[in-house]
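Colleague: Going line by line, the protein sequences match chains A and B. The working numbering numbers the first residue of the first sequence as 1310 and each following residue consecutively. The working numbering numbers the first residue of the second sequence as 444 and each following residue consecutively.
Be aware that one or more of the hints could be misleading.
Computed list of lysine-lysine pairs in BS3-like fashion (alpha-carbon distance at most 27 Å, straight line) [stated by the list, open to error]:
id, chain 1, residue 1, chain 2, residue 2
1, B, 470, B, 514
2, A, 1365, A, 1378
3, B, 505, A, 1335
4, A, 1335, B, 470
5, B, 505, B, 487
6, B, 487, A, 1379
7, A, 1365, A, 1335
8, A, 1378, B, 487
9, B, 505, B, 470
10, B, 514, B, 494
11, B, 487, A, 1365
12, B, 470, B, 487
13, A, 1335, A, 1379
14, B, 470, B, 494
15, A, 1379, A, 1365
No lab work stands behind these hints, which were simulated from the structure alone.
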Amino acid sequence: SQQGEEDPQALSIQEGENATMNCSYKTSINNLQWYRQNSGRGLVHLILIRSNEREKHSGRLRVTLDTSKKSSSLLITASRAADTASYFCATLANAGGTSYGKLTFGQGTILTVHP
Amino acid sequence: NAGVMQNPRHLVRRRGQEARLRCSPMKGHSHVYWYRQLPEEGLKFMVYLQKENIIDESGMPKERFSAEFPKEGPSILRIQQVVRGDSAAYFCASSPFLGGSTGELFFGEGSRLTVL
Chain A
1310 SQQGEEDPQA LSIQEGENAT MNCSYKTSIN NLQWYRQNSG RGLVHLILIR
1360 SNEREKHSGR LRVTLDTSKK SSSLLITASR AADTASYFCA TLANAGGTSY
1410 GKLTFGQGTI LTVHP
Chain B
444 NAGVMQNPRH LVRRRGQEAR LRCSPMKGHS HVYWYRQLPE EGLKFMVYLQ
494 KENIIDESGM PKERFSAEFP KEGPSILRIQ QVVRGDSAAY FCASSPFLGG
544 STGELFFGEG SRLTVL
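Looking at chain B on its own, in the form it has when it is part of the complex (with noise of 0.2 Å):
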């Protein structure tokens, strides 16, 4: 059974460019989360989402960054013209069921973005 697949797990972007982070939840889960770790601090929530729902984007900036959880495929965190300020990892958790009743979260190994 395999866990959350994140991909890629590093990318390299200049200022400007678009950045696009995909999340295949743990096979079962039909809740996705993204959040944020600049270096050397916790992680900051962004969004959760559920299939083809936007259900929480409080922790996401308002410009340049959207989320979606489309029917089929993966999850994708798309970054438009991307700053330094954006380089951090992102995690993409998932869980079964409505935060799966206890807020239990199943990461993935994170995708590395660094901006040039």
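Isolated chain A, as found in the complex (with noise of 0.2 Å):
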């Protein structure tokens, strides 16, 4: 599997419904990011959780962080049919102190809510 890999890969739900996206990574991060993209255009960025934070809540978003299972989830609440679109999570290695924008992105999980 990559570096940033997502499950599911597509997720069918109603409006109302929650949503939850896991992604997977393999090297030691300085933080993880997720992302969302509509179709055709260009991503967006939606949370960040840094490797010392477990959990994080942005509006209806909710991330989690587990660095000993190399994994972290998204959490969408009351999903809305505007909520449509590919999400994907992207990692920041450690990078001996010097960070930059080099992310490592996963294949994405497309979702579609249902109105």
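Combine the two chains into a complex, taking the hints into account.
Modeller: Following this line, the structure appears as structure tokens:
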């Protein structure tokens, strides 16, 4: 599996339900980020969690990070049709104190929320 | 405050032609990254540039691909003698200073290259 592998690959739910996506990675990280991509569009940054954090919230988003298992999950609560998009996790590796935007992306989860 | 601007949004080239993709970072951002997204895949890092300097090109194919970020003007990703396998979406991202210290990037809408 590649760095930043996500599951499921596709998720289909009804409006109002919660959506959970998981991400696994391989190497030591500085932080892990989640991005959203609408079809044919660019990526939009959703949330960032640092390696020393375990959980973070932003609106309807909740991200957890388990560095011992090298995994993260993104929970979207009370989903809406407008949440339909692809969701990618991306990791920033530890680079000996020098970090820059060389992110490693997963394959993404395609979320479809039916009205 | 305009975001990251990429053009063209769509580009069609025949095999053997050259493709030039342009990226203007967000105002105040001096660090530019290029990523490639093949169909049904995540983004793959290609190159990281600051003004007039290539910092990391470890993700760039050794042949036919080049990138620059001149003192004046946009960053350019150049693909010479394109082949069908170059068909992809090419995304530019920028950050305000050294990786934004967190790695959070601001992405453009992408340039979608189709090679016939």
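Colleague: With reference to the structure, classify each hint as holding or not holding.
Modeller: Going down the list of hints, with the structure as the test:
1. 470/B <-> 514/B: It holds: about 14 Å lies between the C-alpha atoms, which stays within 27 Å.
2. 1365/A <-> 1378/A: holds (17 Å)
3. 505/B <-> 1335/A: Given pair residue 505/B, residue 1335/A holds - Cα atoms ~26 Å apart, limit 27 Å.
4. 1335/A <-> 470/B: violated (35 Å)
5. 505/B <-> 487/B: holds (15 Å)
6. 487/B <-> 1379/A: With Cα atoms ~20 Å apart, residue 487/B and residue 1379/A stay inside 27 Å; holds.
7. 1365/A <-> 1335/A: holds (21 Å)
8. 1378/A <-> 487/B: Status holds; Cα separation ~24 Å.
9. 505/B <-> 470/B: With Cα atoms ~31 Å apart, residue 505/B and residue 470/B exceed 27 Å; violated.
10. 514/B <-> 494/B: holds (6 Å)
11. 487/B <-> 1365/A: At roughly 26 Å apart (the allowed maximum being 27 Å), residue 1365/A and residue 487/B satisfy the hint.
12. 470/B <-> 487/B: holds (24 Å)
13. 1335/A <-> 1379/A: holds (7 Å)
14. 470/B <-> 494/B: holds (14 Å)
15. 1379/A <-> 1365/A: Between residue 1379/A and residue 1365/A the Cα gap is close to 16 Å, so the pair holds against 27 Å.
The structure is inconsistent with the numbered hints 4, 9, although it conforms to all the rest.
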